[in-house]
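Peer 1: Now for the letters of each chain:
Protein chains: 2
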Amino acid sequence: MKFSIQKDRFAQSVQDVLKAISSRTTIPILTGIKIDATEEGIKLTGSDSDISIESFIPKEEGEQIIVEIQQTGSIVVNARFFNEIVKKLPSEKVEIEVITSFQTVIRSGQAEFNLNGLDPDEYPQLPQIEEGEMFKLPTDLLKAMIRQTVFAVSTSETRPILTGVNWKMEEGELICIATDSHRLALRKAAIETDLNAEYNIVIPGKSLNELSKILDDTQDPVEIVITENQVLFRAKHLLFYSRLLEGNYPDTSRLIPTESKTKLELNAKEFLQAIDRASLLAREGRNNVVKLSMIDEEVIEVSSNSPEIGKVTEQVKSQAIEGEEIKISFSAKYMMDALKALEGTEINIQFTGPMRPFVIRPEHDHSILQLILPVRTY
Amino acid sequence: MKFSIQKDRFAQSVQDVLKAISSRTTIPILTGIKIDATEEGIKLTGSDSDISIESFIPKEEGEQIIVEIQQTGSIVVNARFFNEIVKKLPSEKVEIEVITSFQTVIRSGQAEFNLNGLDPDEYPQLPQIEEGEMFKLPTDLLKAMIRQTVFAVSTSETRPILTGVNWKMEEGELICIATDSHRLALRKAAIETDLNAEYNIVIPGKSLNELSKILDDTQDPVEIVITENQVLFRAKHLLFYSRLLEGNYPDTSRLIPTESKTKLELNAKEFLQAIDRASLLAREGRNNVVKLSMIDEEVIEVSSNSPEIGKVTEQVKSQAIEGEEIKISFSAKYMMDALKALEGTEINIQFTGPMRPFVIRPEHDHSILQLILPVRTY
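Which chain is which? The protein sequence lines are A and B, in order.
Under the numbering used here, the first residue of the first sequence carries the number 1, and numbering increases by one thereafter.
Under the numbering used here, the first residue of the second sequence carries the number 1, and numbering increases by one thereafter.
Just chain A, same shape as in the assembly (with noise of 0.2 Å):
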């Protein structure tokens, strides 16, 4: 193997595959990056066997050649210096060479590397997946729908299934939920798809995560093929692989209050703003709970109190109070998550009760709604 490539377009792609890559995998290969020069590019691949990231860049792009190929051939190398020496090299061009058993010769302006590589026939394969059944998301739409759901996983193994975003494809609609039990998180989305298939998969919250990074914030679009254990995201010159999470995903649907007894209209980042000032002292008592209650028909107050160190209490204007008078506590965490994640700058709660779950929206989109178990404190 030989060629000679563009360094930062080299450095990207290895930054991107990198991010497949444990340290602490137990399987040494996978602590490499596999490295194949053929007749129409470089593809450079990481994994951990849960993800799998496949990066290729083409010999030329437009009227630009970005790699030159003297021989094809293939090679692992370990990620981690690869990735350092790559940022660092001097010049604006890189040679790679594998010269005799694995030796792997790295050359850029006066300096040259000379790395132990890895035999590449004992690699994983990656898995195969079928062409065929597939739908798109604008890139854009993916890491919106990634963002406003992924960070309500359960972050404990108790219950594995829960570490995972549930995607439910039905009638032309993705939905995703998350949720560790004490809140959830819900977004949906229409589908551009031929298919009248319907999925219903768990994808580990890590995979999307990890996704979420490598991915451009363009509106190209991302095709998602799912099979029975692996789903594949397209990218342009990338292909990311996660394993799917093993299970039935709980039926949340009865979570989901469809009444309420008390509507209050806010400003998002004005009470944004004001929990994160209560959770202040908060986070020093047990579990960041802050209190809410109503003063009037216009005005609701948010308040903690953390017996050693002080107590706070601040004002929030309502839009828009209606029904019962409440009083309720919660997690301020659980808060400013969901209060981070929805988009538009008014927002509602509804109540059904100080010991009930309750709801967050934006005011005109239904297309995401956030939920959260109160405390007992009152």
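Derived from the structure by calculation, the hints contain no laboratory data.
Copies of the same chain look alike in the list, so a pair counts if it fits in one copy or across any two.
List of simulated lysine to aspartate or glutamate pairs, EDC-like, C-alpha gap at most 20 Å:
{"hint": "1", "residue 1": "LYS291", "residue 2": "GLU112"}
{"hint": "2", "residue 1": "LYS88", "residue 2": "GLU301"}
{"hint": "3", "residue 1": "LYS236", "residue 2": "GLU130"}
{"hint": "4", "residue 1": "LYS236", "residue 2": "GLU192"}
On the provided structure of chain A, position chain B as indicated by the hints.
Peer 2: For chain B alone, coordinates are given in the frame of chain A:
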């Protein structure tokens, strides 16, 4: 005590004195910030008993009113919470009031915090430093002298005196020296002083690092007052006290070779980057050692070898090589620290043999010198 104050100005001062406060202190009152409201303005104090910082906010500056004092007085409040609260207050203005039994109310916009304060009479007195013997340094020069020496102090408590920087004043010149016994950094400068006083003190490296962080990048003079066991740095509205280290600093003058057998002239940036690349692999081995050898009369080679990972070699052009051929090994980290501390684009390195300390200087500046002890490998 009751006053209202501009939030941003107040937050900046809180941030400054916070640098003296350690969360690990065993003296509870020192986890607090002391606030004194006088007729002249607001004084904030933070201390960990090694370092004490006082920041003063005058009532007015030019035409602008910064503080309005309704009632003078003092209080001590938990520094960490107070800092976080002040940063996140909603309005441009903050009102602080002490009510009964050290309860401190912080009001801003619609937010009201009520913090449990501590008795200000229990706060330790800051060292009383007599006026009189002092000298001045422009702030930017002071910061440069700190930056160019303090990194070389010892991090080990085996010889506590080496954790400080030795400041010697002799014949109108200030000489700052730091060494951890493997390398040494020296920087000197002529001083503006009326006195013929001679000092020889050792300032803890930690104090100088914190001082450097607080000082702005201006040319305003900092007044420096030295007593038997304290040093006081006095900038505009800021007092920074540090205790001195006790004991005699070793005489380092004999360490610095006065002759040389080999002299190299190099571009500092090119050389630094080559060392940085060589250290990528060297870091894995013991001691992060790289080798330097002469190739011919114009080129040196930097290399390192980590049998498990691989090796790297890089040739670097030298502007001039004089004297005997040399092969020498040294810590890449020490070399990078030294090169970053030197200013100027061209540097020279003077060797007196493969096992003797060598000296790095800017090509046309005799006020600064870095010395490194080699490592035996050849």
